[in-house]
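Colleague: What follows is the residue order along each chain.
Protein chains: 2
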Amino acid sequence: MAALRTLGPRAAAALDEELMSTGAFSIDQLMELAGLSVAQAMYALSPPQKSPAILVACGPGNNGGDGLVAARHLHHFGYKPTMYFPKQTKNELYGRLVKQLQQLKVPFTDDFVGAAKGSDWIIDAIFGFSFSGEVREPFPGVIKALAESKIPVLAVDAPSSWNIDSGPPQDGPGQHYIPAALISLTAPKPLVKWFGGRHFVGGRFVSQEMADKYEFDVPPYKGSEQIVEVGSHGEKL
Amino acid sequence: MAALRTLGPRAAAALDEELMSTGAFSIDQLMELAGLSVAQAMYALSPPQKSPAILVACGPGNNGGDGLVAARHLHHFGYKPTMYFPKQTKNELYGRLVKQLQQLKVPFTDDFVGAAKGSDWIIDAIFGFSFSGEVREPFPGVIKALAESKIPVLAVDAPSSWNIDSGPPQDGPGQHYIPAALISLTAPKPLVKWFGGRHFVGGRFVSQEMADKYEFDVPPYKGSEQIVEVGSHGEKL
Chain A
752 MAALRTLGPR
762 AAAALDEELM
772 STGAFSIDQL
782 MELAGLSVAQ
792 AMYALSPPQK
802 SPAILVACGP
812 GNNGGDGLVA
822 ARHLHHFGYK
832 PTMYFPKQTK
842 NELYGRLVKQ
852 LQQLKVPFTD
862 DFVGAAKGSD
872 WIIDAIFGFS
882 FSGEVREPFP
892 GVIKALAESK
902 IPVLAVDAPS
912 SWNIDSGPPQ
922 DGPGQHYIPA
932 ALISLTAPKP
942 LVKWFGGRHF
952 VGGRFVSQEM
962 ADKYEFDVPP
972 YKGSEQIVEV
982 GSHGEKL
Chain B
752 MAALRTLGPR
762 AAAALDEELM
772 STGAFSIDQL
782 MELAGLSVAQ
792 AMYALSPPQK
802 SPAILVACGP
812 GNNGGDGLVA
822 ARHLHHFGYK
832 PTMYFPKQTK
842 NELYGRLVKQ
852 LQQLKVPFTD
862 DFVGAAKGSD
872 WIIDAIFGFS
882 FSGEVREPFP
892 GVIKALAESK
902 IPVLAVDAPS
912 SWNIDSGPPQ
922 DGPGQHYIPA
932 ALISLTAPKP
942 LVKWFGGRHF
952 VGGRFVSQEM
962 ADKYEFDVPP
972 YKGSEQIVEV
982 GSHGEKL
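Chains as they are written, first to last, in this note's numbering: chain A, 752 to 988; chain B, 752 to 988.
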């Protein structure tokens, strides 16, 4: 079975832009569905009875927003999430997503390394498909900690620090990490060529027509499910 | 097993208000999760391979908005929904929800009775927990058609024309209908006392603390699921 076609960073950005302009979606809608699928992938990997403590690391952009939504759903599923969200902006939506977590008494920490020690899984929602170039402070220390840690990681859309097109950075050990699992949102990105772990696709809101236009495949979702597990490189299982 | 406690119309309105003020939720978020749960209840009742043609009747308020969202998810699940949405307002959100359906080429009809004839199931998203008093035009004819039809109906939160507290209206046959199935959003309403069909609860976004405050029960959701089937009156199955 051929792998699902991938969606490069420029096409992914154009698709997002189209969904929110002519598509008439609000970012609230898309992020809610994306974040729900992240939480459901976590559940498929390991339920809260087995791994209650989830550290959710959120970057300053939309990938971080997906992490904030995912954490709320994880709470409702019975997990005990802890948030690491060091670069909070004045963005109105993210402010509300944070407030929703605070109302559930989900704790926030500034100490990623310390919080990681007590965690069963980590969700990497730091950088997504729009990442390129340099990992800025305070995230280099987080990537290093992920590289040195044995705690399994679920990466959202992209393992942070990986190049979306060309995969893991080439600057030696300790500069990147290998996640145990990945959830690709809408469609796998080209970096899945270098990925070898468990792989889900989520974000079930794109029509066949839109997939045709952007030259990717609607994932083989089953029934009314919001995620589907595929092979590491996007092969149908 | 005791039934889930019900949420009366005033408490349901106050809860919605609190979720969107101090709770910091947008209506986009809540409606997306509610509409998704409606579509997933439809799938649990009858998959698209068995019942592709779903007529979704939407009223002018939030119940209708839930129906608009549900129809989009039904499309992605493989159904062929048709929309009856006769009282479209200038509300910006509903305008976007309609546009999202139009982009999927979901048809809209003005002829409820004609469209019902070719349907396998009907979703009643006409009136929800804020309904009281009189059924206004053009909906009396729709209620009459539902009462006379043998096509099974999934009602969203309340069978339209039923009183939220006191159940089916007392004005004789043909003035109300009995749905085959009901999905209660957040919590069952008092009218479930008069309901005898399959019953789901959806809208998984309320904390235990909030449920305690409004004196209802968080439904017994399983795993990462967004709906749970309960007994007709809300008993745990």
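Any given hint could turn out to be false.
One copy or two, it doesn't matter: identical chains are merged, so the pair holds either way.
[To be verified] In silico DSSO-like pairs for lysine-lysine, Cα to Cα no more than 30 Å straight-line:
| no. | residue 1 | residue 2 |
| --- | --- | --- |
| 1 | Lys964 | Lys895 |
| 2 | Lys973 | Lys868 |
| 3 | Lys987 | Lys831 |
| 4 | Lys964 | Lys850 |
| 5 | Lys973 | Lys831 |
| 6 | Lys838 | Lys973 |
What the hints contain is simulated information worked out from the structure, not anything from laboratory work.
Colleague: Next, verify each hint and record whether it holds.
Modeller: Hint-by-hint comparison with the structure:
1. Lys964 <-> Lys895: For lysine 964 and lysine 895, the Cα distance exceeds 30 Å both inside one copy (38 Å) and across copies (44 Å).
2. Lys973 <-> Lys868: between (36 Å within a copy, 29 Å between copies)
3. Lys987 <-> Lys831: between (32 Å within a copy, 25 Å between copies)
4. Lys964 <-> Lys850: The answer is between: 19 Å across copies meets 30 Å, while 37 Å in one copy does not.
5. Lys973 <-> Lys831: Classified as both: same-chain Cα gap 28 Å, cross-chain 17 Å, threshold 30 Å.
6. Lys838 <-> Lys973: neither (37 Å within a copy, 34 Å between copies)
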